[in-house]
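Residue numbers (my numbering), protein chains in the order written: chain A, 1 to 271; chain B, 1 to 271.
By construction, these hints were calculated from the structure, which means they are not laboratory data.
A few of these clues could be false.
Pairs involving identical chains hold if they fit within one copy or between any two copies, as the list cannot separate such chains.
[To be verified] Straight-line C-alpha distance at most 20 angstroms; calculated EDC-like pairs for lysine to aspartate or glutamate:
| id | residue 1 | residue 2 |
| --- | --- | --- |
| 1 | K65 | E100 |
| 2 | K65 | E19 |
| 3 | K177 | D86 |
| 4 | K177 | E54 |
| 5 | K177 | D95 |
| 6 | K65 | E224 |
| 7 | K177 | E227 |
| 8 | K177 | D203 |
| 9 | K183 | D110 |
| 10 | K177 | D55 |
| 11 | K183 | E224 |
| 12 | K183 | D16 |
| 13 | K177 | D216 |
| 14 | K65 | D95 |
| 15 | K65 | D267 |
| 16 | K177 | D267 |
| 17 | K183 | D117 |
Keep in mind that this is a model prediction, so the values were computed, not measured.
Number of protein chains: 2
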Amino acid sequence: MSQHLGADGAAPVFADAAEARRAIRAGRFRGHTSGLVPAHAQGNLMILPRAMAEDFHRFCQQNPKPCPILGVSQPGARTLPTLGTDLDLATDVSDYRVYEGGELVAELPDLTGVWRDDFVTFVLGCSFSFEAGLIAAGIPLRHVALGRNVAMYRTSITTRPSGPFHGPLVVSMRPMKAADAIKAVQVTARMPAVHGAPIHLGDPSLIGIRDIARPDFGDPVPIEPDELPVFWACGVTPQAVAMAARLPLCITHAPGHMLITDLLNRDLPFL
Amino acid sequence: MSQHLGADGAAPVFADAAEARRAIRAGRFRGHTSGLVPAHAQGNLMILPRAMAEDFHRFCQQNPKPCPILGVSQPGARTLPTLGTDLDLATDVSDYRVYEGGELVAELPDLTGVWRDDFVTFVLGCSFSFEAGLIAAGIPLRHVALGRNVAMYRTSITTRPSGPFHGPLVVSMRPMKAADAIKAVQVTARMPAVHGAPIHLGDPSLIGIRDIARPDFGDPVPIEPDELPVFWACGVTPQAVAMAARLPLCITHAPGHMLITDLLNRDLPFL
């Protein structure tokens with residue numbers, strides 16, 4: 001897959017975030033970014049024409065738990081210096097998805113050919129960062145152990161609308177023993193830039209989840225009898241909301257193909 | 001009851017902690033101290049002969065969640081300057097309980113007549129302080145609303161033993177909606193000096209509580225269907241452990257009759 005692949009076929013090892021971005025930019029790495037350059041924060045991407053950007057910016061400001069803003073570009077700019085030097089928003093994600101009227105119309109490894117000088121790029125915090133914090137705190141994550149995607153659900157909690165952007169909060173779920181759930185609240189509360197503290201724990205029906213075994217996105221993850229499901233606001237929320245808004249145009253990353261930033265996860269509590 | 005009682009019979013109002021201690025010392029106030037001088041931290045009291053104090057000190061150090069030490073006196077000293085000026089450990093609690101061999105042998109409003117120059121006094125943090133933090137954070141406390149004592153339970157969790165001191169962890173329980181439980185973890189985690197974060201939430205049987213409707217101490221408090229029981233390590237633990245140790249002599253405060261300190265609850269996160 002890549003010259004960066006280890007001899008055993010394991011995930012590639014990059015010296016730093018900029019080297020990982022250059023490998024993606026050059027087409028040498030096209031995989032999922034989970035676990036890649038693990039000290040660094042990765043971001044969800046939302047690229048919108050300027051005409052829709054103001055409403056979306058306000059949507060994020062009003063819904064900081066699902067939409068924690070790590071950075072917003074100048075209109076037309078492919079750079080975002082606060083998130084990285086040698087960073088190109090049009091090339092440094094390995095898989096972009098282009099939507100028109102809420103429908104997927106193209107999947108591209110590079111936006112150079114379609115870039116417009118009115119594009120505004122939003123980079124939103126991603127749960128990979130707080131999962132690194134949870135693992136560092138000794139809290140096991142079952143979906144990671146099982147090699148699955150995290151389980152995600154639409155809830156009965158509504159986001160605060162802004163212009164065309166409105167819809168239900170989407171949450172991710174991680175099963176934990178109560179003592180770990182209590183630790184997890186403390187760990188993630190210190191990272192508001194990447195979804196912050198959970199929004200719910202315990203009975204899923206209280207937030208409108210009818211069947212915990214059937215997630216709306218991602219993979220099912222079993223919950224043991226001595227565990228509670230713990231729910232965090234999820235970065236899929238703004239994507240779902242943008243799709244539902246049937247915008248003339250919006251571009252996102254494909255799931256798991258995130259923007260790798262120069263930000264260190266260890267600095268997130270202090271942003 | 002007291003010249004400090006308001007005209008409507010409501011709780012007395014003291015200008016500060018020292019004035020409250022002087023009223024207790026003079027016998028002008030003999031009631032429960034809950035809600036008295038609410039900005040100030042109150043403490044659980046444990047007075048032991050020096051021969052047993054070292055083991056107890058180590059017990060507290062090993063079990064900081066049930067036994068958070070606010071102060072330890074010099075042997076024989078009736079003062080504890082770090083917790084208050086004009087503070088007399090032998091007179092400033094309105095109701096002392098004297099135990100011999102684990103049995104209650106006397107209840108005294110004043111220890112002057114029985115004071116010994118080998119007494120070491122431990123003042124331990126009390127949940128009144130973190131309840132003030134929870135209320136300030138807008139989290140309703142049902143036992144307060146119902147005018148009941150908090151519900152407390154022996155658990156299957158054992159404390160780390162030290163000398164004669166050993167036994168089960170005792171917890172207090174407050175029912176909360178999940179979102180409030182998540183906030184409560186954050187609020188109380190910042191106050192390790194008064195029991196800190198919860199030790200459990202959800203299924204009581206996982207910590208050995210068979211019937212949540214029948215507390216071992218305090219009053220039963222109902223849990224609504226959309227609530228979780230949230231459990232904190234409780235200052236009754238060291239008292240229960242000291243009783244079980246059948247020490248030749250130990251002296252505590254009577255439940256609810258705490259030592260009022262000069263410490264401000266708002267400073268507890270920064271101790």
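Consistency of the hints with the structure:
1. In this homomeric assembly, K65 and E100 never come within 20 angstroms of each other (Cα to Cα): the closest approach is 26 angstroms inside a single copy and 56 angstroms across copies.
2. In this assembly of identical chains, K65 and E19 lie within 20 angstroms of each other by CA distance neither inside one copy nor across copies; the values are 30 angstroms within and 46 angstroms between.
3. For the identical chains of this complex, K177 and D86 are neighbours neither inside a copy (42 angstroms) nor across copies (46 angstroms), given an alpha-carbon limit of 20 angstroms.
4. When the C-alpha separation of K177 and E54 is checked against a cutoff of 20 angstroms, the pair qualifies neither within a copy, at 41 angstroms, nor between copies, at 35 angstroms.
5. In this homomeric assembly, K177 and D95 never come within 20 angstroms of each other (Cα to Cα): the closest approach is 36 angstroms inside a single copy and 41 angstroms across copies.
6. For the identical chains of this complex, K65 and E224 are neighbours neither inside a copy (27 angstroms) nor across copies (27 angstroms), given an alpha-carbon limit of 20 angstroms.
7. Taking the shortest Cα distances, K177 and E227 sit within 20 angstroms of each other both inside one copy (4 angstroms) and across copies (18 angstroms).
8. In this homomeric assembly, K177 and D203 come within 20 angstroms of each other (Cα to Cα) both inside a single copy, at 14 angstroms, and across copies, at 10 angstroms.
9. Taking identical chains as interchangeable, the C-alpha atoms of K183 and D110 are never at most 20 angstroms apart, the minima being 40 angstroms within one chain and 42 angstroms between chains.
10. In this assembly of identical chains, the alpha carbons of K177 and D55 never lie at most 20 angstroms apart, being 40 angstroms within a copy and 32 angstroms across copies at closest.
11. In the homo-oligomer, the alpha carbons of K183 and E224 lie at most 20 angstroms apart inside one protomer (18 angstroms), although the nearest pairing across protomers, at 25 angstroms, exceeds that limit.
12. In the homo-oligomer, the alpha carbons of K183 and D16 never lie at most 20 angstroms apart, since the shortest distance is 30 angstroms inside one protomer and 36 angstroms across protomers.
13. In this assembly of identical chains, the alpha carbons of K177 and D216 never lie at most 20 angstroms apart, being 24 angstroms within a copy and 25 angstroms across copies at closest.
14. In this assembly of identical chains, K65 and D95 lie within 20 angstroms of each other by CA distance neither inside one copy nor across copies; the values are 25 angstroms within and 49 angstroms between.
15. Taking identical chains as interchangeable, the C-alpha atoms of K65 and D267 lie at most 20 angstroms apart only when both belong to the same chain, with a minimum of 18 angstroms there against 29 angstroms between chains.
16. When the C-alpha separation of K177 and D267 is checked against a cutoff of 20 angstroms, the pair qualifies neither within a copy, at 27 angstroms, nor between copies, at 31 angstroms.
17. Proximity of K183 and D117 under a CA criterion of 20 angstroms is satisfied in neither setting, with 45 angstroms inside one chain copy and 43 angstroms between copies.
Taken one by one, the earlier hints fail for this structure at numbers 1, 2, 3, 4, 5, 6, 9, 10, 12, 13, 14, 16, 17, listed in ascending order.
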